[in-house]
Amino acid sequence: MKHLVLALVLAAPLAACRVSARAVPVEPCEAQHTEHAFGFDVVPLQFASADELAGILGRTTLSAPPTRVIADHRTNSLIIQGPDEGRAAARVLIEKLDIDPAR
Numbered sequence: 049m050k051h052l053v054l055a056l057v058l059a060a061p062l063a064a065c066r067v068s069a070r071a072v073p074v075e076p077c078e079a080q081h082t083e084h085a086f087g088f089d090v091v092p093l094q095f096a097s098a099d100e101l102a103g104i105l106g107r108t109t110l111s112a113p114p115t116r117v118i119a120d121h122r123t124n125s126l127i128i129q130g131p132d133e134g135r136a137a138a139r140v141l142i143e144k145l146d147i148d149p150a151r
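Here our numbering is used: the first residue of the sequence shown is 49, the next is one more, and so on.
What the hints contain is simulated information worked out from the structure, not anything from laboratory work.
Treat the hints loosely; a few may be bogus.
[Said to hold, decoys possible] What follows is a set of in silico ranges between Cβ atoms, one per label pair, in the way DEER data are often shown:
no.	residue 1	residue 2	range
1	P149	A85	16 to 26 Å
2	I147	T123	14 to 24 Å
3	F86	D148	30 to 40 Å
4	A136	Q94	32 to 42 Å
5	E133	R107	12 to 22 Å
6	F86	V140	14 to 24 Å
7	D132	P92	29 to 39 Å
8	F86	R151	29 to 39 Å
9	G103	E133	21 to 31 Å
No residue lacks a Cβ here, since even glycine has one placed at the ideal position from N, Cα and C.
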């Protein structure tokens, strides 16, 4: 079963936007695309404990800076923070570990 993943990507720095003296944008502000976009994913878990999986992922190379995995035990979700490729690798591992123990 696939997980619903909510992705939040940080926008371009404020310096990337030109603003008039009255704080009205002069031209549209566009996010600067970089090769390694940084963002957050919230991955809800169905079977595994968020605290347990965060501990497991914390011991892998996925959690090496700048990628971090944080457990939200209130919603039994994992928050993944880091570049696109680190978050994608973490999601693949989470999908493999969040399985029904009865299977």
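Hints, one by one, checked against the model:
no., hint, result
1, P149 - A85: 16 to 26 Å, "violated, 35 Å"
2, I147 - T123: 14 to 24 Å, "holds, 19 Å"
3, F86 - D148: 30 to 40 Å, "holds, 33 Å"
4, A136 - Q94: 32 to 42 Å, "violated, 20 Å"
5, E133 - R107: 12 to 22 Å, "holds, 19 Å"
6, F86 - V140: 14 to 24 Å, "holds, 19 Å"
7, D132 - P92: 29 to 39 Å, "violated, 20 Å"
8, F86 - R151: 29 to 39 Å, "holds, 35 Å"
9, G103 - E133: 21 to 31 Å, "holds, 22 Å"
Comparing the model with each numbered hint stated earlier shows that hints 1, 4 and 7 do not hold.
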